[in-house]
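Residue numbers (the numbering used here): 1 to 135.
Honestly, the hints are just simulated from the structure, not real lab data.
Hints should not be assumed to be uniformly reliable.
What the hints assert, rightly or not - Think about it this way: if two alpha-carbon atoms lie no more than 30 Å apart in a straight line, the pair counts; the simulated DSS-like pairs of lysine-lysine are:
(1) Lys36 x Lys73
(2) Lys53 x Lys36
(3) Lys73 x Lys53
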Amino acid sequence: MKFVLWVLLVFAAAFVATGCSTTHPWRTVPEPWTAKGFEGVERARLERADGWKVELAAPRWVERAEGPALAGKVVGEERDAEIALAEITRIEAQRFEGEALVANVATATLLTIVVVLVVGAIVVASLSIGFTMGA
1 MKFVLWVLLV
11 FAAAFVATGC
21 STTHPWRTVP
31 EPWTAKGFEG
41 VERARLERAD
51 GWKVELAAPR
61 WVERAEGPAL
71 AGKVVGEERD
81 AEIALAEITR
91 IEAQRFEGEA
101 LVANVATATL
111 LTIVVVLVVG
121 AIVVASLSIG
131 FTMGA
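Please take these sequences and the hints and turn them into a complete structure.
Below is the structure:
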């Protein structure tokens, strides 16, 4: 019986982990780029026309005399960088989506409850069959 409970616990944890991982999707940021478009962005992938790519953590919009730029920490190198938007051809942004997390956790919880009820019904049925056969 303990084994069944451990299996159910692992099953529930797997569902919740899967739900959490899909709440930070990457989305292409359409032009024209504005400061408001980068509010709440956790990470940004920037690409230049020459194919050079960089990923910034906690990107922020910076106004410069030469034009706007995105500044942040380069992921994996932990150094600061600032890239002028005039050099960038494509931007993907990653945001936390709370609604998706709530929906995924609710779905995982519901599925876990269903599995627990089904396993419980099977255990009860097998116990009652065992009692009737032994009588």
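Verification of the hints:
| no. | hint | result |
| --- | --- | --- |
| 1 | Lys36 x Lys73 | 20 Å, holds |
| 2 | Lys53 x Lys36 | 23 Å, holds |
| 3 | Lys73 x Lys53 | 14 Å, holds |
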